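Make the full structure from the sequences, and use the hints.
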Amino acid sequence: MAGALDMVRPLRFAPRRQRAIPTLDGAYLPNDRLDALPIVGPDLVCPDDVAVGTDGTLLVSTQNRLLRLSGPELRDQAVVAAVDRPITALAPLADGRLAIGLNGGGLRLLRSDGTVEAALAQLGGASLRCVTAIVEDPARGGVFFAVGTLRHDAEDWVWDLMERNSAGLLGYWPPDGGRAEVLLDGLPYPNGLEVEAGGESLLFTQGWTHSLMRYRIGAKSSAAVETVIDNLPGYPARIAPAAGGGHWLAIFAMRTQLIELVLRETRFRQEMMRAVDPELWVRPSLRATGSHLEPLQGGGIKKLGIRKPWAPPRSYGLVVRLDAEAEPVFSMHSRVDGHCHGVTAAREAGGRLIVVSKGDGRLCACDLDNTGGRA
Amino acid sequence: MSSTISPSPPTPFAARLKQVQYFWSPRQTFADLFAKTWMEPAIPFTVLVALLLVFSTIVPNYASAYNAGSMGREFAEFGFVAIAMGLSLISGGIDLSVGSIFALADFVALMGFSIWNLPVPLVIVLTVLSGALLGAVNGFFVGILRTRAFLSTLVTLIVYRGAFDLLTLHWSEQMAMSSASSPLWDAIGNGGILGIPSDVWGLVVIALIGHILLSRSRLGWHLTAVGASPRSARHAGISIRWVLFSIYVVSGMLSALGAVFFAARLASVGSQTGDSLAFETLAAVMIGGVSLAGGKGTIGRCLIGAGIIFVLGNGLIQMGYPGQVTTAVNGAILLLAVGIDVKWSKNRGKAIQKSYVNPTYLDYGPLPDAREGSGTPYAMNDRLRGAEAIALDQVEGPEDIILDREGRLYTGTRQGWILRFSGPSFKTRELFARIGGRPLGLAFDKDDNLIVCAALMGLYGVKPDGTVFKLTDQTNRSWFKLIDDSRLKLTDDVDIAPDGRIYFSEGTTRFDMHTWPVDGLEGRGSGRLVCYDPATGKTRTVVHNVRFCNGVCLTHDAQSILFCETFGLRLMRYWIDGPRKGKTEVALDHLPGCPDNINRASDGGYWLALVAMRTPVYDVAMRMPGFRMRMIKQLPIDEWLFPGINNGCIVKLDADCQPVESYWDPGGESHPSLTSMREDRGYLYLGGLENNRIGRIKLTGVDPTWTGCDSYWGKRRAAP
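So the sequence lines, in the order shown, correspond to chains A and B.
Mind the numbering: the first sequence is residues 66 to 440 in the numbering used here, read in order.
Mind the numbering: the second sequence is residues 50 to 769 in the numbering used here, read in order.
Any given hint might turn out to be false.
With a straight-line cut-off of 20 Å between C-alpha atoms, the simulated DMTMM-like cross-links for lysine to aspartate or glutamate are [as the list claims (entries may be wrong)]:
id, chain 1, residue 1, chain 2, residue 2
1, B, K530, B, D561
2, A, K368, B, E445
3, B, K538, B, D582
4, A, K368, B, E688
5, A, K368, B, D687
6, A, K368, B, D442
7, B, K519, B, D496
8, A, K368, B, D561
9, B, K682, A, E330
10, B, K701, B, D752
11, A, K368, B, E437
12, B, K682, A, E325
13, A, K373, B, D687
14, A, K373, B, E445
15, B, K67, A, E336
16, B, K512, B, D548
17, A, K373, B, E718
18, B, K701, B, D418
19, B, K764, B, D496
20, B, K67, A, E330
21, B, K395, B, D81
22, A, K373, B, D442
23, A, K368, B, E718
24, A, K373, B, E688
No wet-lab data here; the hints were simulated from the structure.
Values in this document were obtained by computation on a predicted structure and should not be read as measured data.
Next comes the structure, spelled out in structure tokens:
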């Protein structure tokens, strides 16, 4: 009887795996703190990831170039490397080398002068087209990397979401640029990586399940992976350690009820993907353009000249501070009417938190005395 | 036209099939039907008919005239008591003593006839009076002392029953031996007129009177009000005590009337008389749809329910089942009725609401390219970006705007006001009139009265001195529609023919000011073009089933009316004169957005406002009714997919209604939800449904003296 009920349930009710989007309350209480942050750095087009080099300078990837920023308010820029494809991930190694991921082009190890030392294009016969995050293994010196999906380039991530794929993986690439190995595969878009406890475990974000996961390195059983945060209000991007314990989690877009509905509506989704330009889908986006062809939701209608900040967000800016137990403590927002959307990375550098708003093409700096103190 | 922004529709055959599939919505019919109050007794009535059919087939001679006669006779007695019970339930109480009153009245009738040998009319009067007296006791307790109806009538049930038992013990023998007889008495008990038993006639007469009293009289309305909510009734000034008292008296009289016929038929009293009546009639009226909660029920429902219980009991007995079976079945029915009563009254509104919106298949066809640099007449530009802001933050939602002969600017706002701006740069703000509703479309008639479509109210006018007068608020009711749509609700835009006939639009008859975009998501079209003729005072609908009937404009030659079909994405023409008079045709099809208002331009063409742009995803959704249905059901309205209301544009049409060029405010920086525009003395004025300003741009190459009033009514000045 119970079995029969279970068979009927998906017909009668929405699938049980469906989880309600958490309301923005408590640690997620909306504010305008991201918009209030001072903008730093030069004018950038689509900055994606940020890292602190071994020499303490700030590295930023922006499209095909890797820049080193310095000077007052980071206005001075120097090109560290220029490559043939957009850079999708970035990690400086302790010995001065750099590991980068390329859109549709795998991983590369760069010497400190920017020349290529080693390249990894394939793993187990599959092309690595969507490297989303890289982090150095402090124990062995190699790099852990996350591949969002094996089916699409990093720039086509929205296809992977709309196809509801689980085709991402975590891998390890030894320090000598030798044979890489797969640690975990079949993941729904791993999108951020952080090494924990001196290299014993990895924290990684999972985009399409809106979760933060932990992977214990070396543990072979199914117990190797555990869910740390379930059901985030948005799609997580990168995660970075915070001084004094804890983490900074960048959320690159918010979930909306309409997107969740479209993800459940297979026929509609397929027809939309077939017939409509991806820029104009019902989808999370790094930056809503306000084009007349973009879908509009009821709450987004301008009233008396005002775009309501609580409108269903097509794009949004959110950085969440997690404590050492990975519990959210507070968050910084750029709401629908804000100008710091599509945050793909947030990392501490020189006593400040650098927030990368890929959607609005800007870097912001947050003084940690003000915000970190609340942790 | 680019393939990337124009999703290709499915094959014509598949599309046609879908159109047919979604053309008629059973769900909507369900929603409309169940919103009707007459629908509620329809189910019990069907059950009654079904029961009669079933027993006719399985019981021999059931459908014979003789059987019908004898059943009718017994039923009528039961029917009187059922009405008595029903009335007490409608009043919010209950009369459990109907059976005992019936028994006592039966005794009184026989006493009067057999023992005292009174004349028959006197017997009847005496019996009914005794019923009234017994009912008055109930009424005194329940109505005057405000005791609980259930307990009070339970007590009287026991007391009356005891009295009846005592009296019968004493008198029954003498009654049985009485030889009193009267032809009239026999006629009442066993006779009839036209083959129909006399008590059935009595019941018909009483039911008709009762129905009229209950549904059309002050007492009936008061009764329903008291039953529905005694507190509100008292606040409304109704004397609860008096109403309740009288209803129990009436209840007693009705029971007694039933007893008269019973006495005349059987001429004897038995200890069982009226024993299970309270229980049976309660089951009857409840299955008929009279609510235990009070305030809901009609005489008809009482009788339908009584019919079910009676036919069922009678049928079971005729089939040879013992009486206990009938009682058990009645009990089960009562249980069922109570359950339905609770669930139905609680969920009916919800069920109607849930099935109210029924999206249909709508293929908008290829999307015209309106992107910047596309070279089409719709190509995006930023000509409205620099529009001068008038009345910034002094006006909320200027849906339509109009200028008078003096160049003063009028607009309706969401507060229900008409504002007037005048002076060199429209700095003077006056509250011209308070109409109420939501003033939308505006037009000046030949006497300089401002004619206003006040949504939610109807068609109104404002005299030059600011006096408001009503023109019309209802039109003829549509045939073949379950819902009465004669009342005008979402009146939208208006224009006036030279002979004074006023043509105006009603966006939709199914949704209101806050939910109008839902009409677009549904895509069915319930809007209409209506004509009001001041000469006759008559209002007639001239075009039906428009997918949101919006802007209305009289053509320059005054031969036809142009009206916008907002969610049909097209401009229609209705001929009001000339050889094609009365015909409707498409003037301009496949617009890139939803047309709102349309007005005359100085060059003989027209200005057309697109309030919202089509988005490719919206087009896909319009081809998927199931998706829209689930979206509407599962998501709150703020999450629904809407057409692009934040981006509108104004399209200039030539005299043949073909697009020439357009004016955009990309991104809706200052003029999102652009709903109207008006050309006047070389300027184009802009209004918007949700905006905080009126805009104005200078037009080049147009007649700088042209005004709308002159264009309609000639270059004369109104008398001061």
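* **Numbers of the earlier hints that this structure fails to satisfy, in rising order** => none
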